[in-house]
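Asks: Following the hints, put chain B in place on chain H, whose structure we already have.
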Amino acid sequence: MNAQLQKLYKNLLESYVLEPKEDHLYSAQRLSRWFIDQKIPPEELVNYHINTIKTIFPDIPQQVKSSFDLLLEVMISYGIAYQESEKLIDRHKQLDHEIDVAVGMQQTLLPVSPPQLNEVEIGVISVPANRMSGDYYNFVNHSEGYLGIAVSDIIGKGIPAALCMSMIKYAMDRLDMKPLSPGEKLRGLNTIVERNVDPSMFITMVYGVYDSLKHEFCYASAGHEPGLLYRADRQEFVELEAKGLVLGVNPKTDYEEYKIQLQVEDAIILMTDGVTECKVEDGFLTRDELLKTIQDCIHLPAQKAVERIHHKLCERTHYELSDDQTILIVKRNA
Amino acid sequence: MNMTVQTKQIEDQGVTIYVEGEVDVYTAPKLRESLMQHCETEDLVRIDLSGVNYIDSTGLGVLIGAYKAQIATEGKLIIIGMNERIKRLFQVTGLDSVIQIEENQEGGQA
Numbered sequence: 001m002n003a004q005l006q007k008l009y010k011n012l013l014e015s016y017v018l019e020p021k022e023d024h025l026y027s028a029q030r031l032s033r034w035f036i037d038q039k040i041p042p043e044e045l046v047n048y049h050i051n052t053i054k055t056i057f058p059d060i061p062q063q064v065k066s067s068f069d070l071l072l073e074v075m076i077s078y079g080i081a082y083q084e085s086e087k088l089i090d091r092h093k094q095l096d097h098e099i100d101v102a103v104g105m106q107q108t109l110l111p112v113s114p115p116q117l118n119e120v121e122i123g124v125i126s127v128p129a130n131r132m133s134g135d136y137y138n139f140v141n142h143s144e145g146y147l148g149i150a151v152s153d154i155i156g157k158g159i160p161a162a163l164c165m166s167m168i169k170y171a172m173d174r175l176d177m178k179p180l181s182p183g184e185k186l187r188g189l190n191t192i193v194e195r196n197v198d199p200s201m202f203i204t205m206v207y208g209v210y211d212s213l214k215h216e217f218c219y220a221s222a223g224h225e226p227g228l229l230y231r232a233d234r235q236e237f238v239e240l241e242a243k244g245l246v247l248g249v250n251p252k253t254d255y256e257e258y259k260i261q262l263q264v265e266d267a268i269i270l271m272t273d274g275v276t277e278c279k280v281e282d283g284f285l286t287r288d289e290l291l292k293t294i295q296d297c298i299h300l301p302a303q304k305a306v307e308r309i310h311h312k313l314c315e316r317t318h319y320e321l322s323d324d325q326t327i328l329i330v331k332r333n334a
Numbered sequence: 001m002n003m004t005v006q007t008k009q010i011e012d013q014g015v016t017i018y019v020e021g022e023v024d025v026y027t028a029p030k031l032r033e034s035l036m037q038h039c040e041t042e043d044l045v046r047i048d049l050s051g052v053n054y055i056d057s058t059g060l061g062v063l064i065g066a067y068k069a070q071i072a073t074e075g076k077l078i079i080i081g082m083n084e085r086i087k088r089l090f091q092v093t094g095l096d097s098v099i100q101i102e103e104n105q106e107g108g109q110a
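Protein chains in written order, with full-length UniProt numbering: chain H, 1 to 334; chain B, 1 to 110.
Chain H with its partners taken away, still in its complex shape (with noise of 0.2 Å):
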């Protein structure tokens, strides 16, 4: 402790015991709040109080004395104790800064904006549920006219989904040196994925290329949230069924492809199961209430319209999002 912490806790001490006033107490609440910021043990405090309460008192009784060996004892412990949580507190500052630093680098797999198409329209919104995301989507340009798309949602959340994001990432990234058909490149992914994780996490996703001279959509599923059709002409979802094994279960999966073909106005909306499986309050989201917001919001243009489905959402769950969502729009204009 400082000489000039030490002299104002020894005039505010000798102030108060000499004539207690209720502004001595408030004066110890402040000056308490410096003897923190300056990292003063508990133990160093009372041992500077009884040195100065002997001077203020030579004549105090020996068994009070011995009682102050006591307490001193005591606090030696909460000095400690204190020493111990300063620490964790130090090490959860580092970890905060270490996390801030991986959040950034995991921005940095996803693509900055969606990539333009003749006649068609892409929107895409991913909110991680805590600091860092399981969610991940990619797009991947094939050929002129060719746009391959990826949804994917990683198993867990934070930091070891976030891991897997970047292998999964990187594993794309080395299997778009070809041109590869969704099923193929599902198989591809799946036999890196089986080879790189731990037994018992697993990776689903939708991959998709859309032709924009035909305007059609050929995918393939490995156990991702089936996507939606939505047919403008009748105003109706048509459900994506796709049969797949998730990635990183069985090395030797095959991936059975589907192709549907989109009319003007028509889009395909696909998502990770914090949409589909979001919860709330009283259970989960109906399908139902689910198929109406996207519809409320569809006729909107597709970047608007995935973040005004997730607003609404988040609006659904009180602004407590228990998983990571990611809704991606493709949009058929002409």
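Calculated from the structure, these hints are not laboratory results. Note that CB positions come from ideal geometry on N, CA and C, so glycine has one too. Treat each hint with caution, since some may be false.
Pairwise CB distance ranges (calculated) [unchecked claim]:
| id | chain 1 | residue 1 | chain 2 | residue 2 | range |
| --- | --- | --- | --- | --- | --- |
| 1 | H | E119 | B | E74 | 50 to 58 Å |
| 2 | H | F284 | B | S97 | 46 to 54 Å |
| 3 | B | P29 | H | N141 | 36 to 44 Å |
Restricting the straight-line Cα-Cα distance to at most 30 Å, the calculated cross-link-like pairs of lysine-lysine (DSBU-like) are [claimed, not checked]:
| id | chain 1 | residue 1 | chain 2 | residue 2 |
| --- | --- | --- | --- | --- |
| 4 | H | K243 | B | K68 |
| 5 | B | K76 | H | K252 |
| 6 | H | K243 | H | K214 |
| 7 | H | K279 | H | K169 |
| 8 | H | K279 | B | K30 |
| 9 | H | K243 | B | K87 |
| 10 | H | K312 | B | K87 |
| 11 | H | K259 | H | K304 |
| 12 | H | K243 | B | K76 |
| 13 | B | K87 | H | K259 |
| 14 | H | K292 | B | K87 |
| 15 | H | K312 | H | K279 |
| 16 | H | K252 | B | K8 |
| 17 | H | K54 | H | K93 |
| 18 | H | K214 | H | K312 |
| 19 | H | K93 | H | K169 |
| 20 | H | K169 | B | K68 |
| 21 | H | K279 | B | K76 |
| 22 | B | K68 | H | K252 |
| 23 | B | K8 | B | K87 |
| 24 | H | K10 | H | K169 |
Replies: Leaving out everything else, chain B in the frame of chain H:
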């Protein structure tokens, strides 16, 4: 929400693990511990999910881990008593194509 795990062993007929409650990121480690312990020693492991009302992706991962452990030692894993929500989860993820699923024939926990 809590989760409980109880086991019943029948000689030469493997072990049945009865799970009750919610299997999520918080309770899954407890299930993993119990499952992996039995997967190490038993050729046949049954998991009875009759008492499970919710299972998240972490819980699903634990079941996949148990399935892989059984496959690696040429053992067998059977899951029984799934509710409709969990059945749908198995269908969507394609796990119903690799993990053996049976209806609960024993009428609940013994």
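Asks: It remains to establish, for every hint, whether it holds in the given structure.
Replies: Do the hints match the structure? See the list:
Separation of H:E119 from B:E74 is about 54 Å and conforms to the stated range, judged on CB atoms against 50 to 58 Å. One distance hint, 46 to 54 Å for the beta-carbon pair H:F284 and B:S97, is violated here, with the actual separation near 25 Å. About 42 Å separates the C-beta atoms of B:P29 and H:N141, a value consistent with the hinted range of 36 to 44 Å. The straight-line distance between the Cα atoms of H:K243 and B:K68 is roughly 21 Å, inside the 30 Å bound, and the hint therefore holds.
Distance restraint check for B:K76 and H:K252: the Cα-Cα separation of roughly 19 Å lies within the 30 Å cut-off, and the hinted pair is therefore satisfied. Of the supplied pair hints, the one linking H:K243 and H:K214 holds, its CA atoms being roughly 24 Å apart against a limit of 30 Å. Proposed proximity of H:K279 and H:K169 is supported: the alpha carbons are some 28 Å apart, at most 30 Å. Between the alpha carbons of H:K279 and B:K30 the distance comes to roughly 23 Å, so the proposed pair stays at or under 30 Å and holds.
Annotation: proposed proximity of H:K243 to B:K87 holds, straight-line Cα distance about 14 Å (limit 30 Å). Under the criterion of a C-alpha separation no larger than 30 Å, the hint pairing H:K312 with B:K87 is consistent with the structure, at around 29 Å. Distance check on the hinted pair: H:K259 and H:K304 sit about 27 Å apart at the alpha-carbon level, within 30 Å; holds. Using a Cα cut-off of 30 Å, the hinted pair H:K243 and B:K76 holds, with the two alpha carbons roughly 24 Å apart.
Of the pairs offered as hints, the one joining B:K87 and H:K259 holds, with about 26 Å between alpha carbons and a cut-off of 30 Å not exceeded. Restraint check: the Cα-Cα separation between H:K292 and B:K87 comes to about 25 Å, which is no more than 30 Å; the hinted pair holds. Restraint check: the Cα-Cα separation between H:K312 and H:K279 comes to about 13 Å, which is no more than 30 Å; the hinted pair holds. Distance check on the hinted pair: H:K252 and B:K8 sit about 34 Å apart at the alpha-carbon level, beyond 30 Å; violated.
A distance of roughly 41 Å separates the Cα atoms of H:K54 and H:K93; the hinted pair therefore is violated under the 30 Å criterion. Distance check on the hinted pair: H:K214 and H:K312 sit about 33 Å apart at the alpha-carbon level, beyond 30 Å; violated. Taken as a hint, the H:K93 and H:K169 pair is honoured in the structure, with Cα atoms around 29 Å apart against an allowance of 30 Å. Distance restraint check for H:K169 and B:K68: the Cα-Cα separation of roughly 25 Å lies within the 30 Å cut-off, and the hinted pair is therefore satisfied.
For the hint pairing H:K279 with B:K76, the CA-to-CA distance comes to about 34 Å; that exceeds 30 Å, so the pair is violated. About 14 Å separates the Cα atoms of B:K68 and H:K252, which keeps this hinted pair within 30 Å; it holds. About 24 Å separates the Cα atoms of B:K8 and B:K87, which keeps this hinted pair within 30 Å; it holds. Between the alpha carbons of H:K10 and H:K169 the distance comes to roughly 63 Å, so the proposed pair goes past 30 Å and is violated.
When the structure is compared with the earlier hints, violations turn up for hints 2, 16, 17, 18, 21, 24 and for no others.
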